[in-house]
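Based on these hints, arrange chain B on the given structure of chain A.
Protein chains: 2
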Amino acid sequence: MNYSQMTKEELLEEKSKVEALYKEYQDRGLKLDMSRGKPSSDQLDKCLPIMDVLTSKDDYHASNGFDTRNYGLVDGIPEAKELMAAIMDTKAENVIISGNASLNIMFDCIARAFCFGIMGSTPWSKLDKVKFLCPVPGYDRHFGVTEHFGIEMINIPMNEDGPDMDMVEKYVNNDEAVKGIWCVPKFSNPEGVVYSDEVVRRFANLSPKAKDFRIFWDNAYAVHYLYDEEIQILDIIEECAKAGNPNMVYEFASTSKISFAGAGISAIASSIDNLEDIKKTITKQTIGPDKINELRHVRYFKDKKGVLEHMKVLASELRPRFELVNKILDEELKGLDVGTYIVPRGGYFITYRAKNGCATRIVELAKEAGVVLTGAGAPFPYHKDPEDSVIRIAPSYPSMEELEEAAKVFAVCAKYATLEKLIED
Amino acid sequence: MNYSQMTKEELLEEKSKVEALYKEYQDRGLKLDMSRGKPSSDQLDKCLPIMDVLTSKDDYHASNGFDTRNYGLVDGIPEAKELMAAIMDTKAENVIISGNASLNIMFDCIARAFCFGIMGSTPWSKLDKVKFLCPVPGYDRHFGVTEHFGIEMINIPMNEDGPDMDMVEKYVNNDEAVKGIWCVPKFSNPEGVVYSDEVVRRFANLSPKAKDFRIFWDNAYAVHYLYDEEIQILDIIEECAKAGNPNMVYEFASTSKISFAGAGISAIASSIDNLEDIKKTITKQTIGPDKINELRHVRYFKDKKGVLEHMKVLASELRPRFELVNKILDEELKGLDVGTYIVPRGGYFITYRAKNGCATRIVELAKEAGVVLTGAGAPFPYHKDPEDSVIRIAPSYPSMEELEEAAKVFAVCAKYATLEKLIED
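These protein sequence lines are chains A and B, in that order.
According to my numbering, the first sequence is numbered sequentially starting from 1.
According to my numbering, the second sequence is numbered sequentially starting from 1.
Looking at chain A on its own, in the form it has when it is part of the complex (with noise of 0.2 Å):
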């Protein structure tokens, strides 16, 4: 039943028995996603007490007395300083607190490289040249902002303990137009990768040719645990720090996935003297950010073991997801040599690896279906996957009942695509 050992006969003859399966599904008109990494509305459901901490009633001032309901306090209340650091493992006076989006301050912080400059740097605008590196897959969002400030992108493949620290270095210890890399150094968007203490710190013992690279350090998931385990990464900040490289690093964090998607807020962590240069611009920028969604959070999460304790009630909802479609796939392609898969142990995504050639032709099959998956080549720079072979699978949203036959529909698609590629070869 191995693909790949079929003789040209065979595959005609199980193309067609599964053309007739695929045939049955798009039938059926289904309307299925599995495309974006977003909440389900029962994950959602699980959040709602957030919303019964602040009240007519209750008292609206800050650990520092500050009152929230005013102008003012422009990097976030002492307290959500505090419940931030401590989900990404820093400290508190490292961090910034920001909006409901950690995008927004990735997005700003390159904005501001570009109109001013980092620390008296050469504002980026005026280069002739800027370049990102980034570990492929990765997370669209994060190339869709540097491709749409112009940065060529510049893919770097990952392992199984981050990105190829050999090609990192190579790049960004010679090429001065090298500004920045983009990580998710905690279950990696979409392949689940956990840094290893190495990879971290190679990271922090970089010794860029360029003064104003920075490493955007997007730790998205730091406490979005699948089992109930807890899984560390080293605190790259401080392991910065102790490399002698204190300001080479941007980290990230939010809790859209942790309580509202669309309502959470978010975080930067990075040294003193970064802070302090950011600061100069959103002291411009804005009065503030919303104080009363920090003070919100804090009440209702206390701490980092209120953080945990809750990431272990959404665990419940996500992984009956991720396991359901483990369960299909294997019931589905063991054996078969179509692809591989691996079921992480955080985070939102499934990455299917399709034959190569396959993934884009698999993502139409099931769109035609009525399954919209990521677009193939999306987790890459410029929406191009050199092998055509990932797919990002996000099982968050859908219900069960959905789930299930989305990744039907998709493992009839896979089989699909790898019989005519096999054919056609």
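Hints may be right or wrong, so weigh each one.
Heads up, the list lumps identical chains together, so a pair's fine if it works in one copy or across two of them.
Calculated cross-link-like contacts (lysine-lysine; reagent style DSSO-like; alpha-carbon spacing at most 27 Å) [claimed, not checked]:
hint	residue 1	residue 2
1	K312	K57
2	K384	K280
3	K91	K279
4	K367	K284
5	K384	K279
6	K31	K17
7	K91	K211
8	K126	K284
Source of the hints: derived by calculation from the structure; they are not laboratory data.
Just chain B now, with coordinates in the frame of chain A:
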């Protein structure tokens, strides 16, 4: 008792009296603040019922069926667009909703122009010179943004019905480097000027030399009446469209001084084409604003009528503060020829015009007596009041008791500084 008509001896005698009074205040170790247009605690308390409309028991779907708790809707929920449009007297289709600080939208408009240009124009970062017109006195944070970007700021005098339009037309229609003008068209910050229909129409009929010239129309006090009346200004977006300049204006508003200064919602209003141009960037910048807070605002206020009713409640906190300062200034300063002041019909400030050359000294004297005022020069680009005359008084924040003392101290300082000046001259 008119200081200007006193002999030198009379002035010296009066000065020693005023000095004694000043010393008395100084000895009392006051700690008062009339520097920022912040709401008082009493005013914020009046907004607390807003916090009760969304609890864990409520439904979180917007009018278009969208779950506000989740990702998405980068331009905001439909009913929030309706509400903010109504506040600005424009149409919902012309509105994008954003986070809590409208200053942030304004900053981002300029940052976008620097990084990407406007509708295909050369990015401002690539130009040798970018200039903004600044009606003065104006809002210090506006000027702070343009100064931060290295934009050359040109003072435009304010008349009783808006900026000197002859001068505005001269600059805008002839100098391609002039890319924008800061306007607060209703209850201008700080003078409380309401732009006349003629002024609005002259704005709409500008013929900018620069295609990417934009009017930055900060409608910050659109419903912020101190008295039971409605004062209308023309809809600049409609007027620009009528005049064949549909894309010439960015309008801004927020609920910062309607709901919570630290946790409101904000909006930009503009032509559909401008909004499309803006969305090209914000779809990369963020996954969306805080939609739960949008829903909270709409559920509470419902519509413009609801907002206006609420603003009457806030006016009942604000009006007595403005009238108290007015009364004390009348009692203490009338007939002395030391300065002029007007209590506006809306907005957040009283503008005091001291005799030329006295403003800095008044602010300094007040500070030494424990009363913080907005720095002299703050309402001008580069903090430079060419006549050293204007002082922005913010009566909204202190309690009535504090305000009474602060206003009395102010009056003494105004007298003292004028006497010093007259004696010196």
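Hint by hint, where does the structure go against what was stated? Just the numbers, ascending.
none
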